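**Q** Sequence:
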Amino acid sequence: MEGVRCCSSSSSHNHPNSHNDKNVDPRVIHARNLRTCPNFVDRFFHHRIISLYSFNSKPEPNSHSSYIHRSFSLIPSPNLVSWTSLISSLSGSYLSLLHFLSMLRTTSLLPNHRTLASLLRTCTSLLAFPFGLSLHAFSFKLSLSEDPFVGSSLISFYAKQGSPEDSLRVFYQMSERQWDAVCCSAAVVALAQCYRPDDAMDVLVRMRASGFKPTTQSLSGALRAAAGMAALEQCRVIHGCALVGGLDRFAVVCCALVNGYGKAGAAREARRVFDENADIMNTGLWNAMMSAYAQLGEVGPAIEIFHAMESKGMVPDEFSFLAILSACANAGSVVDTECWLMQMRNVYGLEPSLEHYTCLIRVMGYVGRFEDAKRIVREMQFEPDAAIWRSLLMACGHHGKADMARTMADRILALDPNDESAYVILARIYSCARRWDEVAEVRKMMRDRGVKKEGGRSWIEVQHEVHVFMAGDKMHERIQEIYAKLSELLGKVKNLGHVPGWKEASLDSDKEIEEAMGYHSEMLALAFGLLDGVTPAGKTLRIVKNLRICMDCHMVFKYISRTVQREILVRDVNRYHLFQDGTCSCGDIW
DNA sequence: ATAGGGTTAG
Numbered sequence: 061m062e063g064v065r066c067c068s069s070s071s072s073h074n075h076p077n078s079h080n081d082k083n084v085d086p087r088v089i090h091a092r093n094l095r096t097c098p099n100f101v102d103r104f105f106h107h108r109i110i111s112l113y114s115f116n117s118k119p120e121p122n123s124h125s126s127y128i129h130r131s132f133s134l135i136p137s138p139n140l141v142s143w144t145s146l147i148s149s150l151s152g153s154y155l156s157l158l159h160f161l162s163m164l165r166t167t168s169l170l171p172n173h174r175t176l177a178s179l180l181r182t183c184t185s186l187l188a189f190p191f192g193l194s195l196h197a198f199s200f201k202l203s204l205s206e207d208p209f210v211g212s213s214l215i216s217f218y219a220k221q222g223s224p225e226d227s228l229r230v231f232y233q234m235s236e237r238q239w240d241a242v243c244c245s246a247a248v249v250a251l252a253q254c255y256r257p258d259d260a261m262d263v264l265v266r267m268r269a270s271g272f273k274p275t276t277q278s279l280s281g282a283l284r285a286a287a288g289m290a291a292l293e294q295c296r297v298i299h300g301c302a303l304v305g306g307l308d309r310f311a312v313v314c315c316a317l318v319n320g321y322g323k324a325g326a327a328r329e330a331r332r333v334f335d336e337n338a339d340i341m342n343t344g345l346w347n348a349m350m351s352a353y354a355q356l357g358e359v360g361p362a363i364e365i366f367h368a369m370e371s372k373g374m375v376p377d378e379f380s381f382l383a384i385l386s387a388c389a390n391a392g393s394v395v396d397t398e399c400w401l402m403q404m405r406n407v408y409g410l411e412p413s414l415e416h417y418t419c420l421i422r423v424m425g426y427v428g429r430f431e432d433a434k435r436i437v438r439e440m441q442f443e444p445d446a447a448i449w450r451s452l453l454m455a456c457g458h459h460g461k462a463d464m465a466r467t468m469a470d471r472i473l474a475l476d477p478n479d480e481s482a483y484v485i486l487a488r489i490y491s492c493a494r495r496w497d498e499v500a501e502v503r504k505m506m507r508d509r510g511v512k513k514e515g516g517r518s519w520i521e522v523q524h525e526v527h528v529f530m531a532g533d534k535m536h537e538r539i540q541e542i543y544a545k546l547s548e549l550l551g552k553v554k555n556l557g558h559v560p561g562w563k564e565a566s567l568d569s570d571k572e573i574e575e576a577m578g579y580h581s582e583m584l585a586l587a588f589g590l591l592d593g594v595t596p597a598g599k600t601l602r603i604v605k606n607l608r609i610c611m612d613c614h615m616v617f618k619y620i621s622r623t624v625q626r627e628i629l630v631r632d633v634n635r636y637h638l639f640q641d642g643t644c645s646c647g648d649i650w
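In the working numbering, the protein residues as written are 61 to 650.
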């Protein structure tokens with residue numbers, strides 16, 4: 061019986077990155093078990109055989125469901141464990157839900173916490189939201205809704221549905237002594253996935269305060285959250301946790317670390333983690349390193365990693381190509397982007413997806429080849445999505461094509477009339493062209509349709525704390541000093557000859573436009589970072605913004621990087637800007 | 001004996 065037990069239990073927690081029995085064909089083990097213990101075919105035996113063929117133990121849904129069904133049908137009188145075993149082995153497939161329904165119909169059994177957890181997991185992966193909601197109600201009726209098994213799967217279920225509030229409600233409705241490492245990890249991951257990085261970090265802190273050791277899942281979730289904030293110091297702290305907890309060699313953690321350092325613009329540190337773990341043959345890890353370079357527009361190193369990957373016998377997947385393509389696109393090289401896209405299909409036999417085409421269309425727009433971009437959109441076999449039109453819309457902005465911009469914005473709005481970015485970018489393009497009537501028209505459209513503009517927000521991380529600033533913020537505890545610093549900085553910039561352009565009038569009222577420059581959130585974050593004692597002299601400032609950085613702020617940042625002799629890294633919604641001694645790495649097109 | 005949480009792109 062050892063063979064079955066060994067295979068059905070998860071071994072990944074003891075041995076990072078080992079594949080153990082997971083790659084052994086379950087049929088071999090099944091046959092071995094039948095041979096070695098032919099007399100031992102009771103209910104237990106079948107339960108183990110079922111879990112042996114479990115869908116979960118396979119990287120992709122397998123074709124072993126017939127073995128599972130046969131083993132189940134051999135059980136003389138299936139009890140709740142038999143059913144749960146069947147349901148969980150088929151988790152991720154509709155069959156699992158169907159068997160649950162037939163259990164309810166043909167027996168008087170009620171599900172327990174494990175049954176419900178499996179079912180909820182299935183609903184999560186199938187996006188079967190109504191079914192999941194009724195399972196939540198059912199768990200409540202059975203007084204199981206606060207069980208950690210049910211709770212953890214409910215937390216992920218609601219996260220997948222995009223309702224982090226519901227995830228949090230489930231988490232906090234469980235009493236704290238019901239918490240375990242798994243449901244805390246689920247909450248961290250859920251919040252990170254729903255773009256609520258600060259809440260995710262909170263939960264991680266509470267988890268550690270409650271005495272739970274970090275897990276690979278909670279660390280990778282927290283790293284994902286830190287990556288979302290480009291919080292370099294947080295990444296370092298979590299990296300430390302991983303080292304102390306002995307989790308730093310797990311592929312998922314390495315992958316999340318490389319991604320986190322990469323998103324924080326710290327390519328060197330990402331590379332260090334990668335180099336230390338390059339013996340891990342995990343495509344995700346290698347892809348993460350490539351996309352770290354891609355985001356910084358460093359094509360050379362990205363391609364180098366790609367070739368190293370191949371020489372190790374690893375097979376590049378669609379993510380690898382997405383990384384390479386976005387590296388080429390960010391570097392503005394049409395030829396390379398085309399070449400890699402062609403290779404992807406013709407040499408590697410991978411069919412490019414919409415995202416791959418987006419890279420090509422983006423770079424075409426970037427260099428102003430609009431006709432070619434439109435031809436590609438027409439000829440590809442995908443329906444263009446908002447991201448395609450948005451990248452062309454922004455390209456119209458760079459090349460001053462206000463009329464074409466209108467068409468592109470209309471395309472976005474046809475897909476989603478509430479897409480605020482379309483209105484905002486279009487209005488900006490019109491105001492650059494000084495076509496004020498049309499600016500007013502866009503504003504009116506926005507008002508009439510009740511479209512809300514997302515407020516600009518910027519983050520800066522100092523001393524392991526993330527400070528958030530809103531446009532025109534007055535909330536920060538050192539706000540007086542910040543505004544004083546700001547006027548000092550702007551005074552210096554003026555002396556250098558900078559004239560505020562107001563070219564990019566936003567959709568705010570005119571009075572706000574006058575004030576806007578000094579009060580944009582990234583300016584507040586920058587001024588805060590430059591206050592005495594906040595960051596050591598010479599330290600690179602890292603600011604993250606939820607929108608695109610405006611032209612004025614961009615100009616002012618260039619001047620300030622020179623006057624204060626500091627590197628300033630701004631990650632806006634599109635790309636990185638590294639300001640150094642009066643220049644920006646984006647070459648003033650973004 | 002049956003169980004819940006995972007990285008890479010945009």
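Simulated from the structure, these hints should not be mistaken for laboratory data.
Remember, predicted model here, so these are calculated numbers, not experimental data.
Among these hints, one or two may not hold up.
Stated by the list, open to error - Quick list of simulated restraints, FRET-style, between CB atoms: (1) 306 / 141: 47 to 57 Å; (2) 306 / 167: 37 to 47 Å; (3) 480 / 203: 56 to 66 Å; (4) 534 / 269: 17 to 27 Å; (5) 534 / 557: 37 to 47 Å; (6) 336 / 405: 52 to 62 Å; (7) 641 / 266: 13 to 23 Å; (8) 405 / 372: 16 to 26 Å; (9) 494 / 336: 52 to 62 Å; (10) 258 / 360: 44 to 54 Å; (11) 266 / 513: 27 to 37 Å; (12) 525 / 273: 20 to 30 Å.
Note that beta-carbon positions come from the ideal geometry of N, C-alpha and C, so glycine has one too.
**Q** For every hint, state whether the structure bears it out.
**A** Each hint tested on the structure:
1. 306 / 141: 47 to 57 Å: Because 34 Å falls outside the window, the suggested range is violated.
2. 306 / 167: 37 to 47 Å: 45 Å, holds
3. 480 / 203: 56 to 66 Å: 44 Å, violated
4. 534 / 269: 17 to 27 Å: 32 Å, violated
5. 534 / 557: 37 to 47 Å: Violated, since residue 534 and residue 557 (Cβ atoms, about 30 Å apart) do not stay within the stated range.
6. 336 / 405: 52 to 62 Å: Violated: the Cβ-Cβ distance is about 34 Å, outside 52 to 62 Å.
7. 641 / 266: 13 to 23 Å: Violated - the Cβ-Cβ distance for residue 641 and residue 266, about 43 Å, lies outside 13 to 23 Å.
8. 405 / 372: 16 to 26 Å: For residue 405 and residue 372 the Cβ distance comes to about 23 Å; the hint holds.
9. 494 / 336: 52 to 62 Å: Hint holds: Cβ distance 55 Å, inside 52 to 62 Å.
10. 258 / 360: 44 to 54 Å: At 36 Å between Cβs, range violated.
11. 266 / 513: 27 to 37 Å: For residue 513 against residue 266, whose Cβ atoms are near 34 Å apart, the range 27 to 37 Å holds.
12. 525 / 273: 20 to 30 Å: Since residue 525 and residue 273 have Cβ atoms about 24 Å apart, the given range 20 to 30 Å holds.
Of the numbered hints stated above, those contradicted by the structure are hints 1, 3, 4, 5, 6, 7, 10, listed in ascending order.
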